[in-house]
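Student: The chain contents come next:
Number of protein chains: 2
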Amino acid sequence: MTGYTMADSASADDVKVVILAGGQGTRFWPMSRTKKPKQFLSISQSGESLIQSTARRVLGLTTKDNFVVMTNIMHKGLINSHLPYARVICEPMIRNTAPSIGLAAIHLTQNDKDPVMLVLPADHAVSNEEGLLTALKEAVNCAAKSEVLVTLGIQPVVPHTGYGYIKKGKPLHGNAFNVGRFFEKPNHERAIKYFESGEFLWNSGMFAWRASTILKSIQKFMPELYDGLIRIKEVIGTAQEASVTSEVFEACESSSIDFGVLEHARNCAVIASAPFGWNDVGSWDAWAEHFDKDENGNLRYGDAVVIDGKNCVVHSQNRLIAVLGLSDLVVIDAGDAMLVCPRGRVQDVRKVVDELQRLKRAELI
Amino acid sequence: MTGYTMADSASADDVKVVILAGGQGTRFWPMSRTKKPKQFLSISQSGESLIQSTARRVLGLTTKDNFVVMTNIMHKGLINSHLPYARVICEPMIRNTAPSIGLAAIHLTQNDKDPVMLVLPADHAVSNEEGLLTALKEAVNCAAKSEVLVTLGIQPVVPHTGYGYIKKGKPLHGNAFNVGRFFEKPNHERAIKYFESGEFLWNSGMFAWRASTILKSIQKFMPELYDGLIRIKEVIGTAQEASVTSEVFEACESSSIDFGVLEHARNCAVIASAPFGWNDVGSWDAWAEHFDKDENGNLRYGDAVVIDGKNCVVHSQNRLIAVLGLSDLVVIDAGDAMLVCPRGRVQDVRKVVDELQRLKRAELI
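Chains as they are written, first to last, in this note's numbering: chain A, 72 to 436; chain B, 72 to 436.
It is possible that part of the hints are untrue.
Repeated chains share a single entry, so a pair holds when one copy, or any two copies, can fit it.
[Claimed, not checked] Derived DSS-like pairs: lysine-lysine, alpha-carbon spacing no greater than 27 Å straight-line: (1) LYS364 - LYS431; (2) LYS239 - LYS147; (3) LYS431 - LYS381; (4) LYS256 - LYS422; (5) LYS135 - LYS264.
Note that these hints are calculated values from the structure, not bench results.
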């Protein structure tokens, strides 16, 4: 049980912040669109986008030239404008986190480098930023000093059914534990069991590992992807880079790093972090948690009036929205499109996007 | 039991169509506003406004120079643009139908004229226009030949609680009856009794009488209003007309012609008209009756999508509105303001207008 500081094992220059910004965020329709996914939206009055907040929160860990953003070619311009200092590595198509993290690792091991990769989703929210930083430092240090795949776990504060869980194994040092097992999002009953046991952590989707460590694991558990990555490595910086990367991504299977690698690996660790007001902002309901409500529990963002109604979420844009006689309603106005649904149905917003796809309304997706 | 034709008693020139267009139509917020009440809105794809439809439907009864519109000074310009051929008489303030009809009668009896006034609300809808015309002709002829106050009654087709009722008295001739009694809007139980008895008619708010006949009745039952009207009569066409009219209206009581005069008068008749698809378009719910629905009973006007929902009314304007997982919902988009409420609450839209008044949001009222 030893505490580590950055100086123990990872110098600031040895840390690369890898922000995963390939998400489409259909659950935030109509505000998020194919051309402007959730990570580019702001959820605060400050106007800072989610990806800008994600980067700013960890500026204390390394210098700006060590920020890398993995994204779709379509969003390169947006990344440049939101995070002008970050290096952008483009994925030719959407293939979930395993290929994305593999591609990052291959690029970061050029010239025989082997930095610690701190992998962060671009679109999460955190209210206690110091708490986050403390936990990330421990994760980075843990990853720096041994060949271990570190996931940042968070002590659950409610039996949430929207997050994956990690069962703690044997204690390693500090707040680090071996991983007992990864678990998918549970149903409500199971979530309560996890929560009450005290042995489970939320899987935050934030990871730390040396580039060489994750590559070795990819080689072991996703060998086809690994072979593709090696093909890319050989052509980085040449005229073939784009076409080979495209070929590899086209051929590779779409898989999360959790499912493709971590669930099989023996060298997984998890940091049992105290909660730091983390939220994956996975729906309009989760978004609403970040704002003050009026005396009837209504979140009125912009010009909105709620009469005879409670616990509504009304996001107005350039017009007054008046809700009369309805509770637990979500109304989101994005200017050219508007969503009206009950709070209990926000997880199904994809159905609207699917319907618009069917109707060939590409301009609204 | 004799049938009358127009030629029997009222020549076309002897008929003045008096359209009452003083209503504010707050129940159609956010489409209707103080500056553009319901009568100026269109409810059909043709784009014809309610007041334009009202006038066009009765063009067969008289010539265009016999159309008079009673309205608020604020709406004179709108009337001129919607009905360029009509004479506009301005009411200095809103005082319900009795002062409005009295003012019309005083103007129409200038130069010892005594036309039959056919009084029509500006903002009702009719699907069978021939049926309406037949009934109005009978009302006009009935009013032309004797000193009688004729209300156009309509055979109920459902036990509606949103309309006033008239109990038929003794038969007079054709479809004309004495009035047994006027009844206010009933509750549901009472509406069923009225409906099942076969002795009740809907009060359409359409009337016919000679100008002299209604003035005599006003003299009898609203003597203060009558005195005021006579004061106005003496100054019509002079520099004092506007100020005297203002004084009289300011002093007079706000009362409907039904409540102030008809309920007390003995010389009331009612035409028992067959239904002609009449609707007072008294709410968004009633408005919806005029449109075709999709296979789930949803009225989608403009760009609207309803998923997992039935019997919704969605009126979109310049944007897509997506309703997910909600039934019996009303969404009305007026561009700068939007209403979301259950169908069962459309009668309470005034609460929104009141709240906006309280919030000093005059631009939205």
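Student: Enumerate the violated hints, using their earlier numbering and listing them in ascending order.
Tutor: 2, 5
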